[in-house]
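Enquirer: Chains A and B supply the protein sequences, listed in that same order.
Our numbering applies: residue 1 is where the first sequence begins, and numbers increase by one.
Our numbering applies: residue 1 is where the second sequence begins, and numbers increase by one.
If you are wondering where the hints come from, they were derived from the structure by calculation, not from laboratory data.
Idealized CB from N, CA, C, for every residue including glycine.
Keep in mind that the hints are not guaranteed to be accurate.
Footprint (simulated), chain B over chain A, 3 or more residues, beta carbon under 8 Å [claimed, not checked]:
{"id": "1", "segment": "192-205"}
{"id": "2", "segment": "209-220"}
{"id": "3", "segment": "244-252"}
{"id": "4", "segment": "261-267"}
Taking lysine-lysine pairs in the DSS-like style, the calculated list, with each CA pair at most 30 Å apart, reads [stated by the list, open to error]:
{"id": "5", "chain 1": "B", "residue 1": "Lys178", "chain 2": "A", "residue 2": "Lys158"}
{"id": "6", "chain 1": "B", "residue 1": "Lys158", "chain 2": "A", "residue 2": "Lys178"}
{"id": "7", "chain 1": "B", "residue 1": "Lys158", "chain 2": "B", "residue 2": "Lys178"}
Label-pair restraints from in silico Cβ distances [unchecked claim]:
{"id": "8", "chain 1": "B", "residue 1": "Glu196", "chain 2": "A", "residue 2": "Gln318", "range": "44 to 52 Å"}
{"id": "9", "chain 1": "A", "residue 1": "Ser195", "chain 2": "B", "residue 2": "Glu219", "range": "33 to 41 Å"}
{"id": "10", "chain 1": "A", "residue 1": "Glu226", "chain 2": "B", "residue 2": "Glu196", "range": "32 to 40 Å"}
There are 2 protein chains.
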Amino acid sequence: MRRRNFCLIFLALILSPCVALAGDPLPSWNCTGHKPQLIRFVQDAVNLNSEHYLPVSRRIAVFDGDGTLWPEQPVPIQLVFAMDELRRLAPEHPEWKDNRLIQLALNSELDELHEDLGPVLLELLNTTHTGITVEEFSLRVNRWMESAQHLRFERPYKELAYQPMLELLDYLRRHGFKTYLVASGGADFSRIWASEVCGFSPETIIGSTGNLRFEIRDEIPVLLKEPGIHFLDDYAGKPVAIHRRTGQKPVICVGNSDGDQAMLEWTTLDHSPSLGILVHHTDELREYDYDADPKHAAPLKTSLIEAEKHGWHVIDMQSEWQTIFADRPKLTP
Amino acid sequence: MRRRNFCLIFLALILSPCVALAGDPLPSWNCTGHKPQLIRFVQDAVNLNSEHYLPVSRRIAVFDGDGTLWPEQPVPIQLVFAMDELRRLAPEHPEWKDNRLIQLALNSELDELHEDLGPVLLELLNTTHTGITVEEFSLRVNRWMESAQHLRFERPYKELAYQPMLELLDYLRRHGFKTYLVASGGADFSRIWASEVCGFSPETIIGSTGNLRFEIRDEIPVLLKEPGIHFLDDYAGKPVAIHRRTGQKPVICVGNSDGDQAMLEWTTLDHSPSLGILVHHTDELREYDYDADPKHAAPLKTSLIEAEKHGWHVIDMQSEWQTIFADRPKLTP
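Just chain A, with the same shape it has in the complex:
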């Protein structure tokens, strides 16, 4: 009898996707949470004998960016870039002295600007994201990424992707899933940022877009970034953008705020098999602890309620993620 119990436990351990083996695809995820369900979904998707098998053409996974793949506190990373660009360019623009909104942006912390936040952000974008070609913009983002550091974590922004999410992306890609970033931030920014930080190829980046103008300048064709927003990739815009890009419904959707609720609904409601995941920021010590804080630009409120109704997996960052950021390689002196 004892031996039988031992055998059963041994078998369960062998069969459990959560055994801490060298081949564990998600080593930074604790076994106490949703990890076994994520692994089961992928194992079924690639198993021809499973009723939840998915042909490769249907293995589409969409990920929000800010707060889902990397921190969005104290302000989203693209905003840090825009502020740094504003400071870098200010000496060349003495005329900015008379621009109240730019002066507000230059002299205040963004989280103090409740009343003027909208107009300040628009001015910031128009000042730092337009009037240049898409190539010049890419160069500026690349240059900024080389040196920009997160003050609290004291490491380059580009080393701030969540390690558990890097493992999930890698696990999905190795199992034939096509992974798309569906960012509320700008597509041109995200393309540089997220391809380096999370390995997205350029054609799998979806994001908000500004106006663009094609012209020939001195016999060289250019695409100029112009003022004005062409498409806002947030809330109900996300399923629209996913349809326009992929022409298909994803089977996995990962987000962290109410801005991701529509794409979670589009992915999972009346659609099986499918997997909805919400990252819940509950770790003040290692990252941040917030959800429905009204000061927070991307609240997590209604989708937490919907998550329960629709069986979305709410990942408790504090208890489910063993590691948040990858260890930095130690420099030899």
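Assemble chain B onto chain A, guided by the hints.
Expert: Relative to chain A, chain B alone:
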């Protein structure tokens, strides 16, 4: 001396990409035209020792649709679909009797409607392409494709892709090129049409887009096709759409009208290696003969002039294409 000449000719034949071998990747292209140059471009692109080698990530080829991959005469295929839909739906819409534009569309040949063409087309789109979900629209396109026939060629529209272009698409795909359709027609229509007819996967279809609205209807999420144009994928819009979709510059661009000029410029000017191709409709007997005809909605005029300046390959359909359409399989009685 004779033997040496013979050897040289033999060698030239062996090395020439235009030898009529069983392995000829473009059998429907005659050797007298640009075929050897197309093959040389691809051979160089995959040859690590060539100075024109291209890593797989850069092997991006963009193709216009109407008139480039299939006929656009006497009217573009999406317009035939819209007219057929209008006739199919008319009995359910007695109120259309009082709609002058719909009556014009129902009772006239489209090429007679010079004065009212714009408003008639818009009414046609709003009547047949909106007020339904994207799934319902796909079903309608699929159903139409099952039976719709081209009057002159007496064969289903879906068997009207140009055989030389199918061979070129296949040749490029087999050599690691990612091929995109960049249609001036609607993306939702093209996605159904061009994936069946030319093997484009859904995420490689770029086209004009209408407004879309996400909503939950009876607990089921839907994307509704709404009136109004969101983006017109033609002329200067084409490079904009290519950038937004791929984030990269193509190395091959194939078109047939002035609406493709901007994407040909974006692909080839100040960008090497690159290949620009224009299909010239010169074959009245087997297809159509037209270019700058002012009655034609998509004229080929300025880009013929630019082609000479920039070394784009102008394909003379009559002399360069041995076959236009694939032979239809004979039905056994």
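Enquirer: Now tell me if each hint is right for this structure.
Expert: Results of checking the hints against the structure:
no., hint, verdict
1, 192-205, "holds (count 4)"
2, 209-220, "holds (count 8)"
3, 244-252, "holds (count 5)"
4, 261-267, "holds (count 3)"
5, B:Lys178 / A:Lys158, "holds (29 Å)"
6, B:Lys158 / A:Lys178, "holds (29 Å)"
7, B:Lys158 / B:Lys178, "holds (22 Å)"
8, B:Glu196 / A:Gln318: 44 to 52 Å, "holds (50 Å)"
9, A:Ser195 / B:Glu219: 33 to 41 Å, "holds (37 Å)"
10, A:Glu226 / B:Glu196: 32 to 40 Å, "holds (37 Å)"
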